[in-house]
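The whole structure should be built from the sequences, with the hints applied where relevant.
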Amino acid sequence: MVEQSKSKKKRRRFSIGKARWIALGLLAAFLFVRVWDPGPLQTVRVKTFDFFQQLEPREIMQDSPVVIIDLDEASLKEVGQWPWPRNQIAQMVLNLFKMGVSVVGFDIIFAEPDRMNSQSVVKSLHGLDQETKDKILKIQSNDAIFADLIKRAGKVVVGQSVLPFERKYEDRKRLKSRVFERRANRNVPNPRDWVPGVPGLLRNIEPIELAAAGHGLLALQPEIDGIVRRVPAFFKKSKKLYPAFSLEVMRVAFGKGGMIAKGTEAGIADVNLQGRRRFLVPRAILQDKSIEKIPYDPMFNRLAYLEIAVGEGKQLIKRAAMQGNKYPLQKFTKGFDKTKFTVLNTPLIRVAT
Numbered sequence: 001m002v003e004q005s006k007s008k009k010k011r012r013r014f015s016i017g018k019a020r021w022i023a024l025g026l027l028a029a030f031l032f033v034r035v036w037d038p039g040p041l042q043t044v045r046v047k048t049f050d051f052f053q054q055l056e057p058r059e060i061m062q063d064s065p066v067v068i069i070d071l072d073e074a075s076l077k078e079v080g081q082w083p084w085p086r087n088q089i090a091q092m093v094l095n096l097f098k099m100g101v102s103v104v105g106f107d108i109i110f111a112e113p114d115r116m117n118s119q120s121v122v123k124s125l126h127g128l129d130q131e132t133k134d135k136i137l138k139i140q141s142n143d144a145i146f147a148d149l150i151k152r153a154g155k156v157v158v159g160q161s162v163l164p165f166e167r168k169y170e171d172r173k174r175l176k177s178r179v180f181e182r183r184a185n186r187n188v189p190n191p192r193d194w195v196p197g198v199p200g201l202l203r204n205i206e207p208i209e210l211a212a213a214g215h216g217l218l219a220l221q222p223e224i225d226g227i228v229r230r231v232p233a234f235f236k237k238s239k240k241l242y243p244a245f246s247l248e249v250m251r252v253a254f255g256k257g258g259m260i261a262k263g264t265e266a267g268i269a270d271v272n273l274q275g276r277r278r279f280l281v282p283r284a285i286l287q288d289k290s291i292e293k294i295p296y297d298p299m300f301n302r303l304a305y306l307e308i309a310v311g312e313g314k315q316l317i318k319r320a321a322m323q324g325n326k327y328p329l330q331k332f333t334k335g336f337d338k339t340k341f342t343v344l345n346t347p348l349i350r351v352a353t
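For the sequence shown, full-length UniProt numbering begins at 1 and goes up steadily by one.
Keep in mind that the hints were calculated from the coordinates and are not lab data.
Fair warning: there could be bad hints in the mix.
[As the list claims (entries may be wrong)] In silico BS3-like links for lysine-lysine, alpha-carbon gap of 30 Å or less:
#1 K173 x K138
#2 K133 x K123
#3 K77 x K47
#4 K123 x K176
#5 K98 x K77
[Stated by the list, open to error] DEER-style ranges, computed between Cβ atoms:
#6 E78 x R182: 29 to 37 Å
#7 P189 x A74: 43 to 51 Å
#8 I22 x G200: 46 to 54 Å
#9 P196 x G25: 43 to 51 Å
#10 P57 x L137: 42 to 50 Å
#11 P199 x L26: 36 to 44 Å
#12 W21 x S161: 48 to 56 Å
#13 D270 x P57: 19 to 27 Å
#14 V121 x P38: 53 to 61 Å
Note that this is a predicted model, so its numbers are computed, not measured.
Glycine included, every Cβ here is placed at the ideal spot set by N, Cα and C.
Next comes the structure, spelled out in structure tokens:
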């Protein structure tokens, strides 16, 4: 009897009850669903994120270092349909630097020659005699005017877009990568292993590309519901890292030749602009209140191309024309200093210092 009771106790000790089997089954199911990450689960997660942001939204900076120059309907009506001649855009850049901006970034890709270049005009006009053609062809092209001005300005960043295929630029050199990789230790992955890869790039025409001080990638990754809640800091192509538009604007503004991306076992931990400034890249977005959020207000820090007073009663610019002579060119009002970053036609990306 004693031996039988001992054996029963042993069996009870090593047996797993029904409740534990159910718990283990549920745990395995939850792990499977988390790894699978189906669409409904992603939707719940991002909507929860939105709910948290509405409960405790981040206060919008009153003196943001970024000002957006918007190509609004009034500007298009005044200047004409887009694309505008690049000699006019060059004049806008000149006016902006006269106003004291630190850097100008174009959220625009100049992938084709200006249709108002002298060569294009000659081809489009029929019946011209050779003498007239020769005179027109001697006029400097709008692309050359624009490239010469942004080269002299020194701090102009142009965008480049992502293509779903590889586009060959056989007559041009590959863009130089200004991002250097560093690992926390030998046992962690390279920073490039944590960033999205891109098949190809849509670049600017060669004169503008060579004249620009920086080239930033313009690419967004919407969530499952089509809303953009984050922008990758880097993209990978041919085992090289290329910075997003916002980071490249920061690099040029601070006058640095490159940036260092430091990788850890959890991802890219921080970005160092070659010893000058260091920007943490936290991964716990929900808990970290220091991360800049995309503001909901579509007119946040936005200036119209021709004339706009921005903010709640705070006039940032007094009828100042970025381009043209209809409105007098005036200085920015108090509160706008030379550390301002100016982005043309960029509604989403913000740069924080």
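Comparing the hints with the structure gives:
Distance check on the hinted pair: K173 and K138 sit about 28 Å apart at the alpha-carbon level, within 30 Å; holds. About 9 Å separates the Cα atoms of K133 and K123, which keeps this hinted pair within 30 Å; it holds. For a cut-off of 30 Å, the pair hint linking K77 to K47 is broken: about 39 Å separates their Cα positions. Proximity of K123 to K176 is assessed by CA-CA distance (about 35 Å); at most 30 Å being required, the pair is judged violated.
Pair hint K98 plus K77 holds up; C-alpha atoms about 25 Å apart against a cutoff of 30 Å. At roughly 49 Å, the beta-carbon separation of E78 and R182 lies outside the given 29 to 37 Å, and the hint is violated. Between P189 and A74 the beta carbon distance is about 50 Å. The supplied range of 43 to 51 Å therefore holds. Checking the proposed 46 to 54 Å range against I22 and G200 shows it holds: the Cβ atoms sit about 51 Å from each other.
At roughly 36 Å, the beta carbons of P196 and G25 sit outside the given window of 43 to 51 Å. For P57 and L137, the hinted distance range of 42 to 50 Å is not satisfied, since their beta carbons lie about 57 Å from each other. Between P199 and L26 the beta carbons are some 41 Å apart, a value that agrees with the proposed interval 36 to 44 Å. At roughly 54 Å, the beta carbons of W21 and S161 sit within the given window of 48 to 56 Å.
In this structure, D270 and P57 meet the distance hint of 19 to 27 Å, their C-beta atoms being roughly 26 Å apart. Hint check: V121 to P38, Cβ distance near 56 Å, so the stated range 53 to 61 Å holds.
Consistency with the previously given hints fails for numbers 3, 4, 6, 9 and 10, ordered from lowest to highest.
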